[in-house]
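J.: The chain contents come next:
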Amino acid sequence: MVETPTIKISIRNFSIHFGDTTALKGLNLDIHRNEIFTIIGPANSGKSSLLQSLNRLNDLNPVYKKTGTILIDNQDIDTIDVESLRTRVSIVFALPFPLPLSIFDNIAYGPRMHGIKNKSKLTEIVEKGLREAYLWDEVKDRLDSPAMNLSGGQQQRLCIARILAVEPEIIMFDEPTSGLDPISTARVEETLRILKERYTIILVTNNVAQAARVGDRTAFLLMGELIELNETKRLFTMAQDKRTDDYLTGKFG
Amino acid sequence: MDIRTRIRKIREFIIERMIFLSAILSIIIVALIFAFLLKEGLSIFWRVPLSDFLFARNWYPISEPPQFGILPLILGSILVTAGAGIISIPIGIASALFIAEIAPRKTKEVMKAGIELLAAIPSVVIGFIGMITLGPLIKTIFNLPTGLTALSGSITLAFMAMPTIVSIAEDAITAVPRQYREAAIAMGATKWQTTWRIVAYAARPGMLAAVMLGIGRVIGETMAVMMVTGNAALIPHSFLQPVRTLTATVAAEMGETVQGGEHYAALFAIGIVLFIITFLINGAADIYLNKTKK
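Respectively, the protein sequence lines represent chains C and G.
Per the working numbering, the very first residue in the first sequence carries number 29; after that it's consecutive.
Per the working numbering, the very first residue in the second sequence carries number 437; after that it's consecutive.
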């Protein structure tokens with residue numbers, strides 16, 4: 029029973045330059061709807077740069093240049109209004125950074141910004157976001173307390189809930205557990221597995237074992253080049269390229 | 437203990453004490469100034485009850501019998517300060533936001549330098565410009581008998597409050613963690629939504645402190661205000677009348693008093709009132725500044 033996956037994002041011949049340095053060289057790959065697409069690779073391999081291009085956060089960098097195209101649902105992202113692109117393609121950063129507001133207001137921030145004022149509607153969105161991010165049970169009694177008081181893992185799930193509240197289609201995670209303890213990490217990974225039912229997920233991680241645990245397909249980037257892309261199980265058991273194998277077995281990186 | 441360790445210990449001790457002394461010196465000086473003000477000024481209250489001093493409507497210190505009611509002076513100070521606040525706060529905060537968030541780097545440098553320069557202009561020079569250019573202008577525009585009014589004072593003082601407001605507010609805005617901006621932008625916020633709802637919101641305590649320090653400077657300002665407000669010790673009814681502030685009164689009349697006399701004591705009592713006002717404002721600003729750091 030093999031379904032043909034729907035292509036959500038397609039990256040065509042995409043290169044990134046920051047001033048004189050090249051961060052990504054002629055990348056071609058497709059990301060499927062409702063998969064967890066993990067990207068692994070050592071530092072400077074272009075993983076984060078790629079994420080920041082997908083929602084055009086890189087546009088804020090004055091020395092950023094790109095060539096090639098990225099299509100989301102067959103539409104060139106350069107032709108999408110940048111604010112709505114960033115609503116559709118959300119990012120969760122490595123370090124959780126709650127806004128200096130209450131738990132409720134943190135999550136209601138996005139919807140409010142997009143014009144939702146109705147209190148009961150907001151309450152509904154906040155609850156839904158928190159439930160989806162697996163945080164509801166831990167915070168439901170103290171929604172008005174400052175988000176800064178939460179633990180690191182809770183803050184990271186709060187940031188996920190915050191993003192879910194703006195109803196994205198794609199969620200990118202940039203090393204979401206690098207600052208978390210193993211238990212919090214497990215919770216976040218659990219959240220990812222559930223979220224992929226409804227969203228397309230891109231996970232950049234330095235933690236190879238994490239990619240093996242949650243990824244459907246995994247891409248290995250090295251110095252801005254795509255070395256290998258395969259189903260996660262295959263990549264980890266039968267890497268075709270020696271460099272991939274070396275990286276996975278910890279010979280470098 | 438060998439001799440070397442001993443010398444080191446003694447050196448440490450002396451250095452520590454000296455640093456402590458320098459630190460406490462400013463506090464001692466403030467305490468001494470306040471004590472001096474109290475000593476010289478309190479005697480007025482033997483003759484004039486505090487409530488009369490604060491709320492009587494006439495300031496005629498050299499008529500016979502003299503009347504020492506500082507209400508017109510307090511109102512003069514409040515009016516000029518309020519006017520200066522209305523002008524300088526919105527402009528100051530807006531330029532701080534512009535410099536910190538919007539301006540490209542070069543513009544930013546130039547504007548910051550300009551604002552620092554504005555702070556460096558001696559107040560007498562600002563007063564001079566206010567007197568020569570602003571006064572006549574206001575006289576013509578509003579068709580008044582004199583251009584030296586509360587409004588002229590407010591505008592002049594607004595220029596003096598602006599540098600304080602802009603530079604402290606700008607610091608507060610720049611200190612907002614970059615991640616707040618990134619988080620907001622990554623959720624699809626526009627530049628303005630991020631600036632206003634997140635950055636300005638997070639910098640609120642610092643901006644409030646900036647405003648208070650700016651206002652504190654305005655209340656204490658003497659020279660410029662004396663030159664442009666007309667100095668009539670009457671209860672003002674509008675911005676277009678001459679007023680006299682607390683500070684200007686002390687500066688203008690101190691030279692003519694008999695040391696130890698009633699008038700002399702009354703001026704010191706004004707000093708006490710001013711001291712308390714600025715102390716309260718600076719104290720409030722401090723509390724807010726500390727809040728920002730947490």
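Don't take every hint at face value.
Label-pair distances were calculated between CB atoms; the ranges are [what the hints assert, rightly or not]:
#, chain 1, residue 1, chain 2, residue 2, range
1, G, A459, C, M251, 49 to 57 angstroms
2, G, D722, C, S206, 33 to 41 angstroms
3, G, T626, C, T97, 23 to 31 angstroms
4, C, E197, G, R640, 31 to 39 angstroms
5, C, T151, G, W628, 20 to 28 angstroms
6, G, I439, C, S206, 20 to 28 angstroms
7, G, L553, C, M251, 30 to 38 angstroms
8, C, R61, G, I527, 49 to 57 angstroms
9, G, R614, C, T97, 26 to 34 angstroms
Residues from chain C shown here face chain G by an in silico Cβ test under 10 angstroms; the list is partial [claimed, not checked]:
#, residue
10, L113
11, S118
12, L129
13, F132
14, A237
15, L257
Just so you know, these hints were derived from the structure itself, not from any lab.
Backbone N, C-alpha and C fix where the C-beta goes; we use that ideal spot for every residue, glycine too.
J.: Is it true that the C-beta distance of G/D722 to C/S206 lies inside 33 to 41 angstroms, as the hint says?
T.: holds (38 angstroms)
J.: Quick one, is the C/L129 hint okay against chain G at 10 angstroms, beta carbons?
T.: holds (8 angstroms)
J.: Do the Cβ positions of G/A459 and C/M251 conform to the proposed distance bound of 49 to 57 angstroms?
T.: This hint holds: roughly 55 angstroms between Cβ atoms.
J.: Using Cβ atoms only, decide whether C/F132 comes closer than 10 angstroms to chain G, and label the hint accordingly.
T.: violated (15 angstroms)
J.: Taking the closest Cβ pair, is C/S118 under 10 angstroms from chain G?
T.: C/S118 check passes; min Cβ-Cβ to chain G is 6 angstroms, inside 10 angstroms.
J.: Honestly, do G/L553 and C/M251 meet the 30 to 38 angstroms range at C-beta?
T.: violated (49 angstroms)
J.: In this structure, is the beta-carbon distance linking G/T626 and C/T97 contained in 23 to 31 angstroms?
T.: holds (25 angstroms)
J.: Does the Cβ distance between C/R61 and G/I527 fall inside 49 to 57 angstroms?
T.: holds (51 angstroms)
J.: State, for the Cβ atoms of G/I439 and C/S206, whether the hinted interval 20 to 28 angstroms holds or is violated.
T.: violated (54 angstroms)
J.: Can you let me know if the beta-carbon spacing of G/R614 and C/T97 is within 26 to 34 angstroms?
T.: holds (29 angstroms)
J.: Take the shortest C-beta to C-beta distance between C/L257 and chain G; is it under 10 angstroms?
T.: violated (26 angstroms)
J.: Indicate whether the distance between the beta carbons of C/T151 and G/W628 respects the range 20 to 28 angstroms.
T.: The hint (20 to 28 angstroms, Cβ to Cβ) holds, given that C/T151 and G/W628 are roughly 27 angstroms apart.
Checked against the numbered hints above, the structure violates hints 6, 7, 13, 14 and 15; every other hint is satisfied.
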